[in-house]
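*Asks:* The residues making up each chain are set out below.
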Amino acid sequence: MVTAVSDNMFTEDVINDPYTYYGTLREEDPVHYNELYDLWVITRHDDLVWLTRHNELFSSAVFKNDPRPPYPTIYDSDLGLYEFVREYQARQFIQHDRPAHLDMRKVVHGYFTPRSMEEWRPMVKEVISDLLDEAEERGSMDVMRDFATPLPLLIIAEMMGVPKQDRPYIREVAEKLLYVGRGEPWRMQNFSEGISEMIEYVKPLVEKRIVNPEDDFISVLAQGEREGVFSRDQVISNSSLLLLAGHETTINLLCNGILSFIRNPDQYDLLRSDIEGMYVKANEECLRHDSSVKSITRIAAEDVELRDKVIKKEDRIRWFISSANRDPRKFENPDDFDITRWPNPHVAFGAGIHHCLGATLVRVEGQEAFKAFAERFESLHLDTTDDKLEYQPSITFRSLKSLPITWN
Amino acid sequence: MAQERKLKITVDHDVCVGNAMCETFASNTFALNDDRQSEAVNPQGDPLAQVLEAADNCPVSAIIVEDAETGERLFP
Ligand code: HEM
Ligand code: HEM
Ligand code: SF4
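Chains as they are written, first to last, in my numbering: chain F, 1 to 408; chain G, 409 to 484.
One or more hints might be untrue.
Okay, the calculated bits of chain G under chain F, using three or more residues with CB under 8 angstroms as the criterion [said to hold, decoys possible]:
#: 1; stretch: 423-434
#: 2; stretch: 462-471
Cut-off 25 angstroms, straight-line C-alpha distance, at most; resulting in silico cross-link-like pairs (SDA-like, lysine to any residue) [claimed, not checked]:
#: 3; chain 1: F; residue 1: Lys309; chain 2: F; residue 2: Tyr71
#: 4; chain 1: F; residue 1: Lys106; chain 2: G; residue 2: Asp464
#: 5; chain 1: F; residue 1: Lys313; chain 2: G; residue 2: Asp443
#: 6; chain 1: F; residue 1: Lys330; chain 2: G; residue 2: Thr418
#: 7; chain 1: G; residue 1: Lys416; chain 2: F; residue 2: Arg115
#: 8; chain 1: F; residue 1: Lys309; chain 2: G; residue 2: Arg444
#: 9; chain 1: F; residue 1: Lys203; chain 2: F; residue 2: Asp233
#: 10; chain 1: F; residue 1: Lys203; chain 2: F; residue 2: Ala174
#: 11; chain 1: F; residue 1: Lys330; chain 2: G; residue 2: Ala470
Hints were generated in silico from the structure; no laboratory data involved.
Idealized CB from N, CA, C, for every residue including glycine.
The shape of chain G in the complex, shown without the other chains (with noise of 0.2 angstroms):
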């Protein structure tokens, strides 16, 4: 399912350590790169409230959340 607001998601892989958490929360957003590392592929790729969650459920905080039209910050 598709999202109406637009997103800006951003991963900081000086932290990232590649468990995947992410992906399993919201699968049509992040993907593992071919260093194991996250990266969001579309960040219009789940419902708003399933971002968050992965966010949320990251082990090292590595994950960012703006609106990108107004840049508010959305996570954490």
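Chain F with its partners taken away, still in its complex shape (with noise of 0.2 angstroms):
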């Protein structure tokens, strides 16, 4: 073994400053096996890129072919409600292999296509213009609580045809879930009550458009079921997916991305200073240089070889976006924020056959919202000092936990 990094991936350090950590395990253990958490840690950006793209050999269904506790582990006594929470996580498309897998996307995808996101481009534009009126109102905001949460709410909630006056409760149901990748011993009680609360309220929905299919997206889903392709749980389940997955993904982009122009002025001036010219790369370094996701996993259909190691049939494994993002060899510069970088071939989004289906619609949403900060406000600072910014102890997000700003 050549490093010597601590196998603990909670510690305060490694959440502050996820970079530092898997920075070293890139440059000196790029295959890394971690025995704290019986577990391959997967470093390197072409790594990551050949593994993506290698679905027959990297399972997605990690909970339903891994047969060990969840990591770190929860109470003996939560271990019947993490067979609730993991049977229903394996309804999602995004756990299941081909060829299900394929077919589970072919119904949903059609509505992320580039050109049909651009239709909801007008829409995207007015929630973000409503939303910094009512911060410019008020003359302060929490980028995170007043912007960045009600943002990919609001636009999902539309896209899916969900009541307005049901989007309250939604979030709270969504606080509950968006409990994932931290180490709490209990959080299988918050995820097993979000579920069941979602499934209470997704179903009528779901059960009204099987009967009468509207323009909306859980229609979508509900001809899925007609077709033949999803049971009604999976409908059920799959709605959910649909509905959370954007959240805490989103609210991370615009919060690390706002943070990274404060922290980096010269960058705000130079997106001012041509907006129309700059708006998209730089949207697209704000989802590289601080990534929404940190870590995604999957379990070994086979024995593998890499860089002379090899990973046994279900093994599992854990690959990096933070630190495939910040890889010397991809990117020059790497740890600089530049918004003139171009091609920028991150992977915030995965690769191969998973590549975020949501990738379209966040992107029309990042753009919009840098593009309107920029266009309101001639400089951004933070509301409080640096060093009392906290992260969420989570290993897949790279989640603040406020962000209150101020504006000339």
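Reconstruct the complex from the two isolated chains, following the hints.
*Replies:* In structure tokens:
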């Protein structure tokens, strides 16, 4: 073993600064066996791309195929709850391999093509403009609470056809489910409660659309049931996947991106000097530089050799987007936030057959959000000190707890 | 089914993420290579409508379709 780094990935240091920890692994032991969690940690850009594109070697059906209990450990008394969570999660198409994955994804992805997303752009702009008007009236904003959290929720709820008055409730339920990747031993209680509430909420919406299809997204899933691709339970599970998949991730993109601009005022000025020319590139650099999703898991479908290590069938694997997107073999000056970077082959959305379905939507949201900030505010400032910024103790998401700002 | 119009199909490998949607929609035209990126292995493999559908369904807009003779841009 070359590295001297500890295998505890949940310490405050690693949570606050994942780049040093996973960067050290990337340089010293890119295919690292983490003994504490019985887990392969993959940190290089080229390995990550190779791995995600070889879906026949690395299964996504982690909940179904991993016989081990979750890590970090949970209370023994919660193992029953874990079974419930596991069964529910296993129905989502993100947790399926081919051929079922392809059939399931085909049902929904027509909704998310670049062309169909453009039709939502005016609505996204309007929501952003309303939220920023409100913030300007108040004169202050916690980007997390007042902007990044309501934005993706309002938009996906609109697309899915969730009634307006129900949106705060969805957020409440989402909170319970957003402990993904956090280490608390009691987290299964939150998950199973959230899942039960979600099922109760979504079920009648689905039932209505099975009988009377509308032109919203839940109706598209319901059509999948009529075509025999989804069972009813799967329609419900996947409705909530889509309702929630975009939350934490989009929130993080917006908060982490704004924070990067605050820390790099020259880049904010650059964006402001040529908004039309820069906003698309700027959004890609925000996706790369401080990525919303830090890591994703797989389970080996057979023995695989990678950089003279042998990953055995059924071993579990976690690939780290945060280190791959800072890999100096792929990016010049990878730690710099540079909105002129182009092309920007980041892997913030993964790659291969599970490449983020929502990527097209997020791009519209991120582009319009950073553009709107640049058009309105001459400069952005933290309304707190840098050392007071805290991150959620998650190994999956790079989530700030709050981001209070002021502006000129 | 082959098609009459000669097409020039380009896949931008700087952006292709290899999710194989193109192959799904026009399986005689596109195939993933060893790096799991898409190649237009037979530009005449499927009817034009199907090729355009494949291009439209690519999540990263990596596919460009042109008329090989006139150079007319058919997608995007
Ligand atoms: C900044 C925002 C986002 C980031 C960084 C992100 C990242 C990712 C990543 C890394 C994956 C790959 C998972 C894997 O390989 O197992 C993924 C998959 C997925 N994402 Fe996103 N995501 C974002 C927003 C969204 C949104 C807004 C939606 C839905 C509206 C969404 C829906 C999905 C779905 C359904 C999958 C599963 C795709 C499949 O298995 O075929 N995501 N996302
Ligand atoms: C409805 C949407 C979703 C729900 C309710 C959900 C819920 C969960 C739950 C309950 C866990 C178990 C966590 C634990 O054992 O501590 C989990 C794990 C995970 N989820 Fe999700 N998730 C959703 C969507 C997504 C999406 C879209 C992504 C990718 C961008 C994602 C990535 C992950 C990862 C990487 C893990 C870790 C798996 C492991 O630890 O073995 N999830 N999720
Ligand atoms: S659909 Fe687009 S991204 Fe996917 S393999 Fe084809 S060209 Fe590549």
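*Asks:* Are the Cα atoms of Lys106 of chain F and Asp464 of chain G separated by 25 angstroms or less?
*Replies:* holds (13 angstroms)
*Asks:* Starting from Lys203 of chain F, check that the Cα of Ala174 of chain F is at most 25 angstroms away, please.
*Replies:* holds (16 angstroms)
*Asks:* Between the stretch 423-434 of chain G and chain F, are there enough contacts, at least three residues with CB-CB distance under 8 angstroms, for the coverage claim to hold?
*Replies:* Holds: 7 residues of the stretch 423-434 of chain G have a Cβ under 8 angstroms from chain F.
*Asks:* Does Lys313 of chain F pair with Asp443 of chain G here, judged by a C-alpha cut-off of 25 angstroms?
*Replies:* Distance of about 23 angstroms is within 25 angstroms: holds.
*Asks:* Holds or violated: the stretch 462-471 of chain G covered by chain F, criterion of 3 or more residues with Cβ-Cβ distance under 8 angstroms?
*Replies:* With 6 residues closer than 8 angstroms to chain F, the stretch 462-471 of chain G meets the three-residue bar; holds.
*Asks:* So if I understand the rule, the pair passes when the alpha-carbon distance is 25 angstroms or less; does Lys203 of chain F with Asp233 of chain F pass?
*Replies:* Distance ~9 angstroms between Lys203 of chain F and Asp233 of chain F Cα, so the pair holds.
*Asks:* Would the hint linking Lys330 of chain F and Thr418 of chain G be met if the CA-CA limit is 25 angstroms?
*Replies:* holds (24 angstroms)
*Asks:* Between Lys330 of chain F and Ala470 of chain G, does the CA-CA distance stay at or below 25 angstroms?
*Replies:* Cα-Cα ~20 angstroms, so holds.
*Asks:* Would you check the hint for Lys416 of chain G and Arg115 of chain F, treating anything up to 25 angstroms between C-alpha atoms as holding?
*Replies:* Cα-Cα ~21 angstroms, so holds.
*Asks:* Just to be careful, I want the Cα atoms of Lys309 of chain F and Arg444 of chain G compared with a cutoff of 25 angstroms; is the pair within it?
*Replies:* holds (23 angstroms)
*Asks:* Is the straight-line distance between the alpha-carbon of Lys309 of chain F and that of Tyr71 of chain F 25 angstroms or less?
*Replies:* holds (23 angstroms)
Every hint from the earlier list agrees with this structure, and none is contradicted.
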